[in-house]
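Trainee: The chain contents come next:
Protein chains: 2
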Amino acid sequence: MTERDQQLDRYLQENLENYIQETATLCAQPSISATGEGVESCAELVAALLEQRNFRVERVETPGNPVIVGHLSGASHRTLLCYNHYDVQPPEPLELWTTPPFEPTLRGGALYARGAKDDKGELVARLAAFDAVRAVYGEPPCSLLFVVEGEEEIGSPHMPQFVEDNRERLQCHGAIWETGGTTIDGHPELWLGCRGVLAVELSVETLSKDAHSGSAHILPNAAWRLTRALSSLKDANDRIRIAGFYDQAVALSEADRRHLATLPDMEKRLREVYGVEEFVRGLSGADLRSAVFEPTCNIQGLQSGYTGQGMKTVIPAVARVKLDFRLVPWQDPDDILDKLRTHLDREGFHDVVISKLGAMWPYKADDNDPLVALVRQSGEEVYGKASVVTPLLGGSSPVYAFHRPLNIPVVSAGIGYGMENRLHAPDEHIRIDDFLQGCRHISRIMARFDTLS
Amino acid sequence: MTERDQQLDRYLQENLENYIQETATLCAQPSISATGEGVESCAELVAALLEQRNFRVERVETPGNPVIVGHLSGASHRTLLCYNHYDVQPPEPLELWTTPPFEPTLRGGALYARGAKDDKGELVARLAAFDAVRAVYGEPPCSLLFVVEGEEEIGSPHMPQFVEDNRERLQCHGAIWETGGTTIDGHPELWLGCRGVLAVELSVETLSKDAHSGSAHILPNAAWRLTRALSSLKDANDRIRIAGFYDQAVALSEADRRHLATLPDMEKRLREVYGVEEFVRGLSGADLRSAVFEPTCNIQGLQSGYTGQGMKTVIPAVARVKLDFRLVPWQDPDDILDKLRTHLDREGFHDVVISKLGAMWPYKADDNDPLVALVRQSGEEVYGKASVVTPLLGGSSPVYAFHRPLNIPVVSAGIGYGMENRLHAPDEHIRIDDFLQGCRHISRIMARFDTLS
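Residue numbers (our numbering), protein chains in the order written: chain A, 1 to 453; chain B, 1 to 453.
For reference, chain A alone in the conformation it holds in the complex:
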């Protein structure tokens, strides 16, 4: 470890409490993009955090929530982009939180709040890393560009157009994505890609109003109609029945297989965390890891008729389902949307209406990129363990929106541990030790980014 690395580590250790406080302040401000709650105030908070650090901050309007862009020139014109988001998932179900989602609480060496990990803690870790680099180096060796958007949790609908429209402003030489960290046993984790997603709502109306269920022998039931349409989407073995659905899906490469073989076994932990009795398609062991190359059709939520206490003898007139399809490289969400419509029509479900809720394209990085090597090597230094490379994440992100137009490598580093941070769920949290290590890792990437050719 160099003397400067030690100085970075020390700075971060000494100022840790301030950064936890900064994270808590940010988390106390709701910013639920699904409903709009608190989004505007949170954008202002983020802008202020960058301004305090002398970044040149621009608030860029989109048809949705604003994007906060912060730029700071360093010793080199080589620019590292940090992508984060200030919006969070809805906190429901509220009754399952130990402490309220927007009242950040420290307990057992961890900070609990909606957004603690996803993605406010990650954002503050980068600001902390930046502070450390500036404290140690005076002028940061590379230039920095923060892009903090407010619609990631609803599928980043305006990010692709934003990047297209702001190519000049966003010129850079590499990016660190919103999330990262270690495996459950502390190995630094690096991911090379993520799946795309297509989210839709299907709705069907069979009657102009609800009717008494005494007429169920003659009046068509919207919930039954939707159940049948849903059933047409998958076979008994969970294979998606939409014609052409798998046409653009890549098979696993040999390199992917090698990476997958080094990943920790997740079966036991998944069984513990989620109480799973049987995994999808009866999968177990190594197959649970390689299954990420299998695209999915997931029901996010179903609603029809009377769902209150007791019973109500009605035939529901309307039924709705929210679905998300996770797509592997190089499936195209627009293409899948067309194929879904064609499928429903062919199966006789012309009356099932599709509303698009969001779309993202899959992404996969070049295994041999120098930035990949830097993240890997610095991670191994900080964490003192071999890094683990995940070829493809199960989730989605708007990486594609940056990677394609800007032609840059995109990597991951951050503050998470395994699948334990309860993202999108009650009791989301970060561990303080993970936070500190994540700050150290990112400070090294920022300190050395200018040395990459």
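Accuracy of the hints is not assured; some may be wrong.
Put simply, identical chains are the same to the list, so a pair is met inside one copy or across any two.
Said to hold, decoys possible - Below are the DSSO-like pairs computed for lysine-lysine, each with C-alpha atoms no more than 27 Å apart in a straight line:
(1) Lys268 <-> Lys385
(2) Lys234 <-> Lys209
(3) Lys209 <-> Lys268
(4) Lys339 <-> Lys356
Keep in mind that the hints were calculated from the coordinates and are not lab data. For clarity, every value in this text was computed on a predicted model and none was experimentally measured.
Here the structure of chain A is known, so what remains is to put chain B in place on it, guided by the hints.
Mentor: Relative to the frame of chain A, chain B by itself:
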């Protein structure tokens, strides 16, 4: 028409406004058995209405809501039982009511309120008929027994036991059921039976908590699991796949067929009222009427996962559906419940939990009973049109609970018109003219009931 009939008619005409007001007062008191709202206060109102008329009123406690029993001795010991209920369906969806459900409103010659028809207006019509008979005859020719329960809309779970426990108190020679009226074109309608019902909730839990949908390739989704369990219940032609489901279902008799042939065509009206494009199994014309002899499996409501605004990328841990099976004579809801469990187990859905929400047995009257003849004849006198006999109603009622232990015929007479009163739906109402005619019909039944051998 006899002179006394004319006097009955005149009395009811002259006092009509009071009875509409009495109905409105009763409807202004919510009494939603599904949630418990206002039930207790409504029971007190009903008791007061009977006490004002010098009935000997008893409030009989059950494990659920109390039953109000009113008895009044007439000139003969022959006793006519009037069954009604003071509870109503939940008023949702509220936004579809023209005026609020519990603010009774007169417009266009009709009274709009939740319960106006089902069943508060029907109850008041019987009280009005009684008042008329007493005014004209002095002492009523027969004895009267009012039984007004508070759990009909949740399946009358305690009525069978109540009747068993109170056989002595309930000794009588015939009963008028809660509902009745005319066809859409004004022919008095008489029904001979009704279907039974079994209502259940199916629930399934695949995870101990919701998970991120990025893991949908491995973590089992409760909404998908429930969708598949539901799909196993019916074939593509809407035939229920539960083994032995149809074993106890009677076929249509020749008498049933003759009655069905005289029933008005409902296709056009159903299309108008419910905006139906295609009926269940593509039925049309006369088949829409005979299909009531087909038992059903109806989805009342479906709920799983995130159903709010926008989207949420979750795998739901839990999914629920409320179902009702309408049963024809002589299917037994307890037997069907056993067969449903066996079916789910056989199909591999051991994890789908069944909760029983309610059960009622089917009922069918003897076509040749003297009380049936009295109701028919007096109806034809009042309405001046041939009566129409419905062999089996699509809905359910606890008729069986009275018919079997008390060994009495049970008939129908009342204030409805066709399927137009919007029972269980927004804008439930009664037409004032129908109300008056219904009062007249019932007053004749009360006046002559003692003459039946």
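Trainee: Which numbered hints turn out to be false for this structure?
Mentor: The structure conflicts with no hint, since it agrees with every one listed earlier.
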